[in-house]
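As you go down the protein sequences, you meet chains Z and D in turn.
Quick note: the first sequence, position 131, residue 131 per this note's numbering, numbers continuous.
For any residue, its number in this note's numbering is found by taking its place in the second sequence, counting from 1, and adding 259.
There is no bait here: all hints are sound.
Short, incomplete list of chain Z residues facing chain D, as computed with Cβ under 10 Å:
| # | residue |
| --- | --- |
| 1 | L198 |
| 2 | R216 |
| 3 | F217 |
| 4 | Q234 |
| 5 | V237 |
| 6 | S238 |
| 7 | L245 |
| 8 | R249 |
These stretches of chain D come out as covered by chain Z in the derived footprint (C-beta under 8 Å, 3 or more residues):
| # | region |
| --- | --- |
| 9 | 311–320 |
| 10 | 356–369 |
Hints listed in this document are in silico derivations from the structure and should not be mistaken for laboratory results.
Please read all numbers here as calculations on a predicted model, not as lab measurements.
Every residue, glycine too, gets a C-beta built ideally from N, C-alpha and C.
Here's the letter readout for the chains.
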Amino acid sequence: MTRADPEYGHLSPLLERYATLPVDHPDREKLRDELVRGFLPVAQHIARRFSNRGEPLDDLVQVATVGLINAIDRYAPDRGTDFFSFAVPTISGEVRRHFRDLGWSMRVPRRLKDLHVSINSAVSELSQSLGRAPKPTEIAERLGVPVSEVLEGLEASEAYRSSSLDEMLSSEQGSATVGELVGEADAELDRVDFRQALRPVLAELAERERTIVLLRFFGNMTQTQIADRVGISQMHVSRLLAQTLDRLRTRLDPETRVG
Amino acid sequence: MSDLDSPSPADALDGASTVEVRTSASAALIPTIRAVASDLAARADFDLDAISDLRMAVDEACATLVDVAAPTSWLRCTFLVRPERIEVHAQVQTKHSEAVVSTDTFGWRVLQTLADDVTVHHDPGVDGAGPTVGIRLDKRSGDVMR
Numbered sequence: 001m002t003r004a005d006p007e008y009g010h011l012s013p014l015l016e017r018y019a020t021l022p023v024d025h026p027d028r029e030k031l032r033d034e035l036v037r038g039f040l041p042v043a044q045h046i047a048r049r050f051s052n053r054g055e056p057l058d059d060l061v062q063v064a065t066v067g068l069i070n071a072i073d074r075y076a077p078d079r080g081t082d083f084f085s086f087a088v089p090t091i092s093g094e095v096r097r098h099f100r101d102l103g104w105s106m107r108v109p110r111r112l113k114d115l116h117v118s119i120n121s122a123v124s125e126l127s128q129s130l131g132r133a134p135k136p137t138e139i140a141e142r143l144g145v146p147v148s149e150v151l152e153g154l155e156a157s158e159a160y161r162s163s164s165l166d167e168m169l170s171s172e173q174g175s176a177t178v179g180e181l182v183g184e185a186d187a188e189l190d191r192v193d194f195r196q197a198l199r200p201v202l203a204e205l206a207e208r209e210r211t212i213v214l215l216r217f218f219g220n221m222t223q224t225q226i227a228d229r230v231g232i233s234q235m236h237v238s239r240l241l242a243q244t245l246d247r248l249r250t251r252l253d254p255e256t257r258v259g
Numbered sequence: 260m261s262d263l264d265s266p267s268p269a270d271a272l273d274g275a276s277t278v279e280v281r282t283s284a285s286a287a288l289i290p291t292i293r294a295v296a297s298d299l300a301a302r303a304d305f306d307l308d309a310i311s312d313l314r315m316a317v318d319e320a321c322a323t324l325v326d327v328a329a330p331t332s333w334l335r336c337t338f339l340v341r342p343e344r345i346e347v348h349a350q351v352q353t354k355h356s357e358a359v360v361s362t363d364t365f366g367w368r369v370l371q372t373l374a375d376d377v378t379v380h381h382d383p384g385v386d387g388a389g390p391t392v393g394i395r396l397d398k399r400s401g402d403v404m405r
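Please model the entire structure based on the sequences and the hints provided.
Here it is as structure tokens:
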């Protein structure tokens, strides 16, 4: 993505003109709209990179668009930097701030919110390199912080807002749901004696909840493996599993649980 | 379940750090117990999967027990933190000795998957002590791919 990019190249002269127009110039509004529309795919692209963290993609695109507008307003071509090298961090920064400020169901200090973000990314990197979920000491070592802080951060993660259970992998039309991408756990289910009672209840669950439950309890996969497969974080899998078990517990007739 | 019936520290400790939580046998208090479980596992440096598994297993075990508990009785949950594993004993008093935890349910399947070992203990009760039901869980700190 440079100025020579055929998709955005035609916008460069507009950017330069926009930057030179005085604030009250009548053409400014129209030019700004045109720039926002033109660069919108960039904002959408960045929003999508954050889409597996439990926030609806539509919201992320909106936040990213606000970031894009800020970037367009603040960009100064005469400083010699390419628009993208200025806009991309501005937009991602806006999305990050959104996660930090809005994703929490409980008041959590800023320091812990930031820590939550670092822990999340350390967890996904370490899971990859270790092939299993990391331990708090391993996360602490990776981040260069005391274990006690990691423990605090993990505790704070419990306060992170639960997300929609019916979320699609991407909000694009016709996008596959998680359940369409993974399915073999059903064979395991057939071997379970109490499937009669369980099957209808499972059928009521959203596709993704069902898939995660099946993979965990009938597909013998760990949360980290499921996270990798389904494309969400381990902490998110953990939250979804806990919520779903809770729902199953209330839905399954007590008779089937207690003899 | 003798170690729960007569929880003398000398019996229960056998080298493990022991934490016991006793609440009314009410579903509303289970979140407190599971928070203790996940805190102990995190401090014992369990991997994140194991922490979350233990948390859910304790949740499931306690919910199962609360279902069969006698009204106004206690739920007692003892955690024995050993190197590389945590053992959990959860126990309630039941009204009748016929109140049992059955093992052919989805809930039991959940417990078997989440814990490395799980057993149920029914005690008919002697000498005026009411009948009890307990679930004992063993969770390793991770490493073993399940």
